[in-house]
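K.L.:
Protein chains in written order, with the working numbering: chain A, 33 to 686; chain B, 33 to 686.
Just so you know, not all the hints are guaranteed correct.
Since the list can't tell identical chains apart, any single copy or any two copies may satisfy a pair.
Stated by the list, open to error - Pairs of lysine-lysine residues, derived as BS3-like cross-links and limited to a Cα-Cα distance of at most 27 Å, are as follows:
{"no.": "1", "residue 1": "LYS497", "residue 2": "LYS625"}
{"no.": "2", "residue 1": "LYS85", "residue 2": "LYS259"}
{"no.": "3", "residue 1": "LYS332", "residue 2": "LYS625"}
{"no.": "4", "residue 1": "LYS625", "residue 2": "LYS399"}
{"no.": "5", "residue 1": "LYS682", "residue 2": "LYS636"}
{"no.": "6", "residue 1": "LYS153", "residue 2": "LYS497"}
{"no.": "7", "residue 1": "LYS85", "residue 2": "LYS234"}
{"no.": "8", "residue 1": "LYS475", "residue 2": "LYS85"}
{"no.": "9", "residue 1": "LYS521", "residue 2": "LYS625"}
{"no.": "10", "residue 1": "LYS477", "residue 2": "LYS447"}
{"no.": "11", "residue 1": "LYS521", "residue 2": "LYS381"}
Treat the hints as calculated values from the structure; they're not laboratory data. Owing to the predicted nature of the structure, the values given are computational and were not obtained by experimental measurement.
2 protein chains.
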Amino acid sequence: MGLYLHDIPLSQARETFRNGLNQYGLNEPLQAELIPIDENAVARILANPVWAKISSPHYNASAMDGFAFFAKKSESAMVTNPVTLRIPEEAVYLDTGDVLPDWANCVVAIENTEALDENGKICGNVRNPYMIRIRASLPPFTNVRPIGEDIIATELVLPVGRFLRPVDLGAAAASGHTHLSVFRQPVVVILPTGSELVEIGKEVEPGEIIEYNSVVLGAQALEWGAKVLRFPITRDDFEQICQKVGEAAEIADLILLNAGSSAGAEDFSSRVVETLGELYVHGIAIRPGHPVILGMIHAKNNRHVPIIGVPGFPVSSAMTGELFVKPLIRLWCGYDSANDETIDAFITKKITSPAGDDDYIRVVAAKISDRYLAAPLSRGAGVITSLVRADGYTVVPRGIQGLDVGEKIRIFLNKPRNEIENTIMVIGSHDLTIDLLAEYLAKRKRRLVSANVGSLGGLISLQRKESHMAGSHLLNPENGTYNFTYIRKYLTSFGVDVDVINWVYREQGLIVQTGNPKRITTLADLGREDVEFVNRQRGAGTRILLDFHLEEIGLSVENVHGYEHEEFTHLAVGASVSSGRADVGLGIASAAKALGLDFIPLFKERYDFVISTEYSHTDLLLPFYEAMMDESFRASVQALGGYDVSSMGKQIVE
Amino acid sequence: MGLYLHDIPLSQARETFRNGLNQYGLNEPLQAELIPIDENAVARILANPVWAKISSPHYNASAMDGFAFFAKKSESAMVTNPVTLRIPEEAVYLDTGDVLPDWANCVVAIENTEALDENGKICGNVRNPYMIRIRASLPPFTNVRPIGEDIIATELVLPVGRFLRPVDLGAAAASGHTHLSVFRQPVVVILPTGSELVEIGKEVEPGEIIEYNSVVLGAQALEWGAKVLRFPITRDDFEQICQKVGEAAEIADLILLNAGSSAGAEDFSSRVVETLGELYVHGIAIRPGHPVILGMIHAKNNRHVPIIGVPGFPVSSAMTGELFVKPLIRLWCGYDSANDETIDAFITKKITSPAGDDDYIRVVAAKISDRYLAAPLSRGAGVITSLVRADGYTVVPRGIQGLDVGEKIRIFLNKPRNEIENTIMVIGSHDLTIDLLAEYLAKRKRRLVSANVGSLGGLISLQRKESHMAGSHLLNPENGTYNFTYIRKYLTSFGVDVDVINWVYREQGLIVQTGNPKRITTLADLGREDVEFVNRQRGAGTRILLDFHLEEIGLSVENVHGYEHEEFTHLAVGASVSSGRADVGLGIASAAKALGLDFIPLFKERYDFVISTEYSHTDLLLPFYEAMMDESFRASVQALGGYDVSSMGKQIVE
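Throw the hints in and build the complete structure from the sequences for me.
P.N.:
This is how it looks when you write it as structure tokens:
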């Protein structure tokens, strides 16, 4: 940590950077440019207001297909007492939008006229007859769109700063404009560096890393309104990086130098910035994303180009995008970020934060019992899936050491609120079939968000109204029943009524390496000196199952190597075995099958969904009930291996 | 109306169209295509799920810059009892992300090591010393990112139907993918037709119409995910239109034929469709936008291409986009429209609807006292500014003749909810300075929405909690005071407390044509036979002022020609005079000045803002108070002409 040049608070870093930008006149929207009014103008920002040059309509226009005439002439017209008008002396045919003649002040719709020939007989030439007959009187200006009905010349049509939508372009054109003055889009050059990096599509060896940060940063910058240029990977070579940064500076408005911004052996970024310009900041007290660099490059062609050294970990990289790149692009493009969506939500899990850092925490959100809830996601800087799953982020400011369960936080959303409100929150025991259910629901306008906290954790989440339903397979060893003992204790006694619906019966057993090199066959083998076990976390149904059976065979947990090594899902247990960190774990058949591992079946257990009766018959959960009745869905569950779906959807009563 | 081939309900039209699409296999997402993972993949929709091909990390990786070793070797390490490890036999230096050797299972951060030379002395070669000393014991897997920490091979990374965001691209790349399978984007060809149309940028004559529907439709289609091709304007010529439609059909997935879809003299669209393919629907019972055509073109190259005949009025055109083009593009692209934002709101104005039509009504929305409120906008099919102002629309279904004030409606939003929640609703008397205030607020993250219903209507909106503040200049003729008489009657007696803040003093007078051809000089001239007057609506302060002074001079309203001709704003009164519909109106100086009309000043009056005390000291209104104290803002008000700002911001007490 102490190796960074600076390790300063976010606010100070921002101010330092802003001062640098100010010095070169870069802390304001880019110069305006004139662009023609066409579909590509959409989503640009107006640099100057649009005042109407002409009125719309710009003449008195017919609002109907029909005949124009002077209204007074119809004064006496009645059904029984028609009035006749000669063409073209007293009336003329107009299509919708045609100019009203000076002497006319109303239009009668063609379907309300009778076309007559020179003998006063009804004729077929309805648009150009000799005369017409009308049977009702019309007030002046009937079916006329007067000048300026829509837009009056001199009026403000679109204010400065307007985010241009399709209809805005129409209004600007209607009021006499051909071009719009919008802020220029910045050019962002992204420069990935690192000898360990390989381009997407190349075969990767251990130690090599697929370079995708530049794609994420590029896509972000594009979304925020910039033009994007990605350079190929430069290897860790000071001279080469200098050269590339120099090239970029001649064309870019902003340079993103990815990785090489910490203080490891091959981290050149700060030296490059110092060599080619000014280094403002190196290292910011935020999490994730410490080693951010902020500086200014002075290009050979006399341009001054801000540079951001982006950390290499994908979450840090994307968050640096959010925190530094987004505000700059938005500022330059003239965007108003006032309308970025935020919600206030209650946090479902305790968070501890380092007191000295602003801590940016990704969350997933749902609406339960009229409150928004937010569950914090994995906080590792390398875990890109936490970004994939995130609905937004919250900030624990420096000086605050964390947040308690139930505290109210502000979430900066990156998804529409309706998506959050269509979310079914499933908290509890992990099972691979939940992914299948998520797929099924996604096609039916529901999003399933699951958190794997074990069966017991799931019941407690229902008690706290933090989930809609919980997957649970809690064995009561004393009588061999599932779930109800725990439901009484953790839900009924708290006044929470639930339905219990069977999901599957599933096989639990030992997940071992392919070919079972350690020749593990029974639970008793977990006591062997040469066997490394991987466990599930406390409160997991599988952990309770294990403890029950270990006690049954008289094997003390102190004698199980790796008993303290906890993972949160069956797949994570499998991955531990697969990577060689462990030889064996207790888990479900489908996890072993998915990872190509061997499986020794031991037990068959019931896995239910416990559902708050508050939601069990709501529209939100309807597609979940449909899934259980859907033959092809059941078949897809069975195909995972080790599942019995014959009771799926059956309500279980004690 | 009876001239349309059909005039059928929306649901029936949709079904007929769907059947036609089904017949040619077009009622489903377009074929998937493989695209490389780069920034252009953003906002595309996954046609196939992404399952992890490889784990991420795909090897056990160092999570720190530091030394890897076997954890057990540090078991005895303490501050006072360091452990020494030889390089490279017992420990090796790794950068973050480097591969952990087989024989190591943890990493100590470089800053927690002491580098030693061969004599056991501290040395400067911190990354490649002879040995290192550590003073704390490390558990296994400390500072190691194990295989699959982020993504486990075989795991579902992104579900089918996923709207791709920047971080999703990173996750797909990290899990071993180079390409993504997404639904192909449709090509939409837009064909504007009409001899009266002129391209944007050409000088317009009376009777000519600036062709901008194609730009709005094109921008809409682009936003919804299509590729767009706009053809030049084709004039009203059956053969030419046939030829262009034929050309379009060879390349398009959807043809939008704009205008020519009603049954006027030069409306060829339905004949063209019948000639080149099948006409499914002509005329739908919706408002606005009756004469929609739905059909299928059979191209020379054997393609079957749906065609939509879009009505010419801009609002109808854009609504046809929303109702028919959007769902089709979304379906083809694989979008899930479940997350389109909707809110439930209370309507602030009675709406009457034709019982036989589905009525689409544009609204503007705000949040007041924790409820969303929606005010219906102008319903004319030609009024594109109603679309510019709209936050979304609501539907009054056929069979329902309208909605009462206070009824709950569902709004389909086209703006973020936060924009709606940052809205200051100003309902009441019209004044040109309100536009200036809106500009000022827009730069300060507030949106001002105003409705011009007259001073009295403004007070009633405050009573009903439908606005935050109201512009008011209600004279009590009996004592010459402003506003308080009415506030007592309409607010205080209903338990609504308000603050009254002076805005301006302004000049009211006669707005007459340039050069004053009718030589109007006093209010008495309104009684002349040759003078046509334009009035303000009932409840407008200006109307009350007029009535008071007419009575004073003994001129009966029956003797004022045009007294029944009502307009809702000063500018609209001015536009009436400007267009020749009227000779004179009573209004404010700035409206005359804006339109280049002559003005005969008569009275000076006080114009206040009446503000619910519930909001007067809220964050929402803060920038409004700032505006009144801002010298440059005051100057911009004065520049409009006829305003005295010396009391602006002063609280008025009775």
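K.L.:
Decide, hint by hint, whether the structure agrees.
P.N.:
Cross-check of the supplied hints:
no.	hint	result
1	LYS497 with LYS625	neither (35 Å within a copy, 62 Å between copies)
2	LYS85 with LYS259	neither (32 Å within a copy, 31 Å between copies)
3	LYS332 with LYS625	neither (59 Å within a copy, 53 Å between copies)
4	LYS625 with LYS399	neither (35 Å within a copy, 53 Å between copies)
5	LYS682 with LYS636	within (18 Å within a copy, 79 Å between copies)
6	LYS153 with LYS497	neither (79 Å within a copy, 61 Å between copies)
7	LYS85 with LYS234	between (57 Å within a copy, 13 Å between copies)
8	LYS475 with LYS85	between (49 Å within a copy, 24 Å between copies)
9	LYS521 with LYS625	neither (35 Å within a copy, 78 Å between copies)
10	LYS477 with LYS447	both (14 Å within a copy, 21 Å between copies)
11	LYS521 with LYS381	within (21 Å within a copy, 53 Å between copies)
The structure shown violates the earlier hints numbered 1, 2, 3, 4, 6 and 9.
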